[in-house]
Amino acid sequence: MNATTGRSNPLWTVLAVLYAFAILFPVIWMASMMFKPADVMFARPTVFLFTPTLEHFDYVIELGFVWNLLTSFLLCTISTALVVLIGTPAAYAFARFEMRGKDDLFLFILASRMGPPVCLVIPFYLIFAKIGLIDTFAGLTLAYMTFNLSFYVWVLRSFCRDLPVELEEAAALEGWSRPQIFRRVVFPLLRNGIVATAVLCFIFAWNEFLFAFMLGGKTVQTLPVAIPKLITSQGVRWGEMAVVGIVALVPVLAVVIALQRHIVRGLTLGAVKG
Amino acid sequence: MKIGNSAVIALSMAALLAGSSSAALAADFSYAEAAKPYAGKTIRVLDEVTPLQEVLAKIVPEFTKETGIKVEYELLNHGEVINKGQADMLSGRGYYDAVMLHGFQMGQMLEAKALRPIDDLVKNPALSNAKLETADFIEKPYKTVAFHEGQQYGFINWNYNTVYWTRADLMGDASEKTAFKAKYGYDLAPAKTIEQMRDIAEFFTRKKGEALAGQPLASDFYGITFEGIKGQGALFNFVSNILRNYGGDIIDADGKPTFDSPATVEALKMYADLWKFAPPGTAEYSLIDVPTVMGNGIAAQAIAFSDFVLGVDKPGASPLAGKFTYGAIPVKAGMDSKFASADAEPSLTVISANSQNPEPTFLFLQWLVEKKQQEALLDAGAGGVPVRESSWAMPVMNDGNLKPLFGAMKASLQVAQAKPRMPLYLEIADALSAVVQKVGLRQLTPEQGAKEGQKVLVGLCDAKCTL
Amino acid sequence: MAAVTDTAMSQPAPRIRKERFWYPYLLIAPTMITLVIVSLIPFLYAIYLSFHKAKYGRVGDFIWFDNYAGLLADERFWSAISTAGIFVAIAVPVEFMLGLAGAMVLNHGVRGRSVLVPLLFIPTMMAPIVVGLLWKIMLAGSWGFISYNVLERFGILGETSIFASPHLALGALIFVDIWQWTPFMMLAFFAGLQALPLGPYRAAAVDGANGAQIFFRLTLPMMSPLLAVIGLLRLIDAFKVFDTVFILTGGGPGIATESPSVLAYKMTFEFWNIGEASALAVLVWIAFFVFCNAFYQIAKKRLNAF
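Chains as they are written, first to last, in our numbering: chain P, 1163 to 1436; chain Z, 244 to 710; chain H, 406 to 711.
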């Protein structure tokens, strides 16, 4: 296994790049639509070369998509942070300890993700309407827990299983308290699992539509909820849609790029194990 | 001559009198005065986003300036307005005071008693502007959408309608004209009848490599395009634009299903014929596709909502901008003009039964449909779909190259009506559109389609489908 | 796995599991309380609604199992279930295999990995509605990029288009799902591979094990918890597929691509038959619960995955 040495293999590199290009072609095509004048957007024969225009950006800016982008970013960050805060101890507990009825409790967590959201959104709406949580940050943050908390606990638990119990035991022998062990031994070891799972949760939240639409409103309007405005009875604003679709990738890409060094193995884990 | 002169004088006298009396009345009503008790209140209004409403959103602050009533005017996409507006009204949350409602939603919402009738407000002299000129509203859509069993639920705010849309450059091409005449025995021109539309569709359906207006085609070309994706849009394109012109309908005057009539079989035959000359993807075509197909020169004719055109036939939006022409929805040849029908979706802004502010909301709705606002709206939007007869005469509707389009709209709106008040409208549309789509795809014969459709209808609402 | 960790132990240590009994419950309490509030209560409310006539979201008469009976007798419901079944049966295994293979390749060391990983991940990052429109742009009948430049140019389809033909439409939706979610599997598995302890690999290298042996004896067993969890979660999500279907076919032609979620959407937002939609939610939920329970027990015993 090269995993130990980290040497790269040119054949794999070429394959990976080719694969990336193949799956990204539609995205690249859409990116080109950001700058494509409307009258050649779907011209036949297909127009590959055109004089780029920036007109599609004007409308997107005018409509205040920047604000939607900020709302989405804030909401997803807060809800993901909460999920990490609440879910990490639970995942750890399920991996490490014996509990009475552990299996049932664990399945209960997953059960919260089983019902189709389309069916549950109206019960949510009716309850939220009664207690005044519609169109609030708190309401949506709560609603996002239904699908993200269960995902997080389940996935992170399988990362927890790889933690070497000996280190914790050694720390316990040193007389460290429980919270100390968790913070100074478990958490650093679990970091790449936490980051990877949190990134996935962030993306689920980022792209969520139905809850954001029904339980949000004028005050809290996320980006996915704003996108359908570009499908009007005068047809689709394709250029603008391409702008929003591609620009919406930027924050998520930034998050992944910023955090990927935590996902990719650092030296710490190997050193500890060695 | 003398008689004529005196008649003119008499008329102008009458006009003067009318003018002075209306001036007196107008002095009696002003929005500022009527709104005094409600100044500082906030009302929330949900509307559907189109470029015209975006213009409207910029006019709305004028109302606040005039009355002191604050308006939170929210725009969402078509489907979102329906989902969110209905959820708000049906759940009793009452966040929105007023919600835009399409004619087809009325059956459900009336049955659910979610709407507040406005008759008391209309009759209240402190709130109602006697000079609103409701007689100026384009009559049939207004009368069929805003009233139910003697009660009024709003005015009319949007007049979505379908038109016949074709290519002027192809219709005027000399070689095509000669060939068409030789084949069909009459002159090639934009279709007035459904039969002509079919002939033109057949005539222009060509394969890659064949010539079109003297040029070899780089790709396949089709005679006609329309919405065919399963759902109410495609269904009522068939029902209102074809079936009714054939004298048939889905229900009779009492609301009983009548889909298995001979007229349905004939209309379905024509419909299946038109599918033959439409692009192979018709069964997936929605409002996303039809404007794209027409705007990029893939088809010669379309039956489509006139809004689509506003987004396509303008410089920079399509390589063919300026080369289109429009007409009324073609009728069945030889039928009495009383059967003439065009699909439309007249829509109104209703006051929610849960609204805490019906009076200021009413003032706003009334203000919206005032001639002044309507004209400002059409002016700012460089034309659009009007709700008032008098708007047809505006310069913006006559000066531009879209004049044929506005003429076509006018013709469509003359015969257009709101959808019947069926509480199960969407169940019916969902099930029946699947049947009609199958006829288009040739999975059912027209006879089977009529029978199957009737079975579906009877299964949903046996004796009476309407309220 | 146990053997692996045991070799690293130098001396017997006090078993950490013998903690005060309430400690683990304390750790899981915030999660449990949150889920009871945000998930159990709305779900119980849905169960309550499912036993009532709840047209227009207004709770009417208690009608026992009428909503359920109506659903179970509706061939449309069964069609939706089987459509989703086919969808899941093809899409999820393909996503799983491709994702695992991709993760292995990335793990082997690929030049420019820090650039490649975020790029490969893009399909999963896109909003589902944008994914739907993106593939409409590619595959729409006559005007889609691929429809025009490939299908029409070489006369591949002729009389129909992809989304207008029942089998092709379902196939295309499966393809789009694979496109969208393989990167998700890949990233999750890649992170899992990166988190594996290195010790066992070093030991295996010393023993002179070959690649296949290492994969089947070391990597697969150590990865099995994550593989099982991610596979199961993806399966649940794929069954609930909604956005792409809604945009690309609307469930048609006919009801050929109508998934349970699309059907539920119509029941909810078009027909406003909330009682019946809630019954559908409960049925889907029960089916999943039974399935997940069985999966969990088997995976726990056979694969030591939980």
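Treat the hints loosely; a few may be bogus.
[Stated by the list, open to error] Which residues of chain H face chain Z? A partial, calculated answer using Cβ under 10 Å:
#, residue
1, Trp483
2, Ser570
3, Gly655
4, Val695
5, Ala699
6, Ile703
Don't read these hints as lab results, they were simulated from the structure.
Values in this document were obtained by computation on a predicted structure and should not be read as measured data.
C-beta: ideal position from N, C-alpha, C; glycine also.
Against the structure, the hints:
1. Annotation: interface hint on Trp483 of chain H violated; nearest CB of chain Z at approximately 16 Å, more than 10 Å.
2. For Ser570 of chain H, the shortest C-beta to C-beta distance to chain Z is roughly 8 Å, which falls under 10 Å, so the interface hint holds.
3. Look at Gly655 of chain H: its Cβ gets to within about 5 Å of chain Z, closer than 10 Å, so that hint holds up.
4. Hint on Val695 of chain H is violated. Least Cβ distance to chain Z is approximately 30 Å, over the 10 Å limit.
5. The interface hint given for Ala699 of chain H is broken, as the beta carbon of that residue sits about 35 Å from the closest beta carbon of chain Z, more than 10 Å.
6. For Ile703 of chain H, the interface hint is violated, since its Cβ never comes within 10 Å of a Cβ in chain Z; the closest pair sits about 40 Å apart.
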